[in-house]
Amino acid sequence: MTTLSLRAVPNGRVDMTGVLPETLAGRSADDIAKQIIHLAGSPMMLGDLFEVDADETDMLVIRTDSDRLDCLGKGMSTGSVRIEGPAGHYAAQGMRGGELDIHGDAGDGAANGMMGGLLRIRGNAGDWLGAALIGDRTGMAGGVVAVEGNAGDRLGDRMRRGLILVRGQAGDACGARLLAGTLVVAGGCGTLPGSGLRRGSLILGRRPEAIPLSFNDSGRVDLSYLGLLHRHAESFLPGLLPASTQAHRYMGDLAFGGKGEILVLA
Amino acid sequence: MRRQQIDSPCVQGEGGVIINGVFIDDTYAEAFGMKATRIVITADNLTWARHAANAAFGFATSVIACGCEAGIECELSPTETPDGRPGVAGLLFAVSTKELAKQLERRVGQCVLTCPTTAVFAGCEGEESLPLGKNLRYFGDGWQMSKLIAGRRYWRIPVMDGEFLAEEMTGLMRSVGGGNFLVLARSRSRALAACEAAVDAIARVPGAIAPFPGGVVRSGSKVGSKYKALPASTNDAFCPTLRGVAKTELSPGVDAVLEIVIDAVTDADMRVAMKAGMDAVCGIGAAGGIVRLSAGNYGGKLGQFHYRLREILA
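Taken in order, these protein sequences are the chains called A and B.
The first sequence: position 175 = 174 (numbering that gives the first Met the number 0), numbered continuously.
The second sequence: position 37 = 36 (numbering that gives the first Met the number 0), numbered continuously.
Just chain A, same shape as in the assembly (with noise of 0.2 Å):
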């Protein structure tokens, strides 16, 4: 196990792209305390800003009590990266594999352009959770998300696949512009669930104050594929999903082909 303590709160926003199990692992820790990471856009050494103790496992340990580390688990590929403390924004943004385990919050954009892998967050996370990397097209487009907590503002905007689960609540715009995958929010969400909704499936453990005009009540319908799911679930976030297989469903959004769905599960 790695491991990579923060000395202190840095006075900026640091970048810590290319901090990997797969590019840390065989290196001493002197080594590793040479590697170039940006504090505030300036290129600084590693051990600068972190005490670093190595080994040979492909496990990395990041303690910190700052929410200014940003882009962690950012394009990981594979082994697993375990944040003790907050992490900053964009986390797991382009993941393709392996675990990032947040034990606190995480700030916007985290699992953007996410391709595979698990994401978990132990606490809240910020704003587009799962959605696009800035100037794509598409949103996360494979791996699972789990959030304990709550999550911020435009959940899983533009989503081409994959699965996010949160515990907690969303807040507005939550599966925006969705285009494919599955987005659980136990919680229940703010306002305009599922605006501009392509594909894929919104699933709300609780009823929105209002579903948009522009998605349709098909009724309450019974979903063998919700059991499905429920199994699947419960490997992340125990408890998230009811066993039950009973949903109230909404087709739309109408506005935009209206082949997804919003299902109400209370």
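Please note: incorrect hints may appear among the correct ones.
[What the hints assert, rightly or not] Computed cross-link-like contacts, SDA-like style, restricted to lysine to any residue with a CA-CA straight-line distance of at most 25 Å: (1) Lys258/A with Phe138/B; (2) Lys258/A with Ser145/B; (3) Lys133/B with Asp221/A; (4) Lys258/A with Met168/B; (5) Lys258/A with Ile148/B; (6) Lys246/B with Ala231/B; (7) Lys133/B with Arg230/A; (8) Lys133/B with Val220/A; (9) Lys133/B with Gly256/A; (10) Lys258/A with Glu167/B; (11) Lys258/A with Leu147/B; (12) Lys258/A with Pro130/B.
[Claimed, not checked] Beyond 10 Å from chain B on every Cβ pair, some chain A residues (computed): (13) Pro42; (14) Leu45; (15) Gly74; (16) Gly238; (17) Leu264.
For the record, the hints were derived by calculation from the structure and aren't laboratory data.
Note that CB positions come from ideal geometry on N, CA and C, so glycine has one too.
Since the structure of chain A is provided, determine the placement of chain B on it from the hints.
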């Protein structure tokens, strides 16, 4: 599997092998390499899963005219199925991948998709795969939805009771079909009772099915016929009604013969299933009217797998 207790020890000598008074012929069953797949059918309750399975695996006794051989392998509890509902696992065997794919699609499309509350899933992995819901999805007429869960794709097809959920692909396995043994008895009723015990024993072997009605065949066949159009015809050497007019394999005292045909996922499964079935028959023994155990083969020239009865029972 509970092992049948055999009172009499196996006797081997100049007179051959005799177990509990049952003479074991020095012969072998000749079996063939086949392509197989396993599917899991679930439903709201076991009754409807069975309805779907019985329909899908019905009329699948022999590849000679059914296209495939199929049967229920076992029933599954909700904890054993992908969607947490009770289900049934079944095996389908065919002579080619193409024929298996055709039969699978037809049978699932006509018998599972149509059956209330059911869903269908792959029951095996394989180096190659077969379409399961891949083409059936078009029944949804554009309203079907795809879901990718844990790397496996599923299709949700809208139907009148909600949705038919079908996994896109299932695995293709190289397997063995046509393992068999013949039960020669003093009467039809005694042959049937022994075969029922054998089928019960085989049903407890994972990876094996006995595809004929009740697992038992009365119309054992030989290759060819006096009629050119027929590829197979009655096995006259084992027909008691033809004694005296055709060359017979029946020893004195044998008045009825029944056959058990087994298809299995692997060679090892076949051996276990054949042994289980024959042990059950031998357990009934001569006291139950069983005279001999024999097997069907084609001189060893057609099938890649030979199962010697005495070797399996040793």
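Pairwise hint evaluation, Ile148/B against Lys258/A, where the allowed Cα distance is 25 Å at most = Holds. Lys258/A to Ile148/B sits at ~19 Å (cutoff 25 Å).
Can the restraint linking Lys258/A and Met168/B be considered satisfied, given a maximum Cα separation of 25 Å?
-> Given that 25 Å is the threshold and the Cα spacing comes to 23 Å, the pair holds.
Assess, step by step, whether the Cα of Lys258/A is no farther than 25 Å from the Cα of Ser145/B, and give holds or violated.
-> Satisfied, since the Cα-Cα distance of roughly 11 Å is no more than 25 Å.
Lys258/A paired with Phe138/B [C-alpha distance capped at 25 Å] | Status holds; Cα separation ~16 Å.
Exclusion check [Gly74/A not at the chain B interface, CB over 10 Å] | 21 Å, holds
Was Leu45/A rightly flagged as not at the interface, with every chain B Cβ beyond 10 Å?
-> 34 Å, holds
25 Å limit on alpha-carbon distance, applied to hinted pair Lys258/A and Glu167/B | 19 Å, holds
Could you grab the alpha-carbon distance between Lys133/B and Asp221/A and see if it respects the 25 Å cut-off?
-> 22 Å, holds
Compare the distance between the alpha carbons of Lys133/B and Gly256/A with 25 Å, and conclude whether the hinted pair is satisfied.
-> 23 Å, holds
Beyond 10 Å from each Cβ of chain B, as asserted for Leu264/A | For Leu264/A, whose nearest Cβ neighbour in chain B is about 15 Å away, the distance exceeds 10 Å, so it holds.
Is the hinted pair Lys133/B and Arg230/A satisfied, with a Cα-Cα distance of at most 25 Å?
-> Since the Cα atoms of Lys133/B and Arg230/A sit roughly 23 Å apart, the hinted pair holds (cutoff 25 Å).
Non-interface label on Gly238/A, tested against every C-beta of chain B at 10 Å = Since the minimum Cβ distance to chain B is about 15 Å, Gly238/A lies beyond 10 Å and the statement holds.
Consistency with the previously given hints is maintained throughout, with no hint failing.
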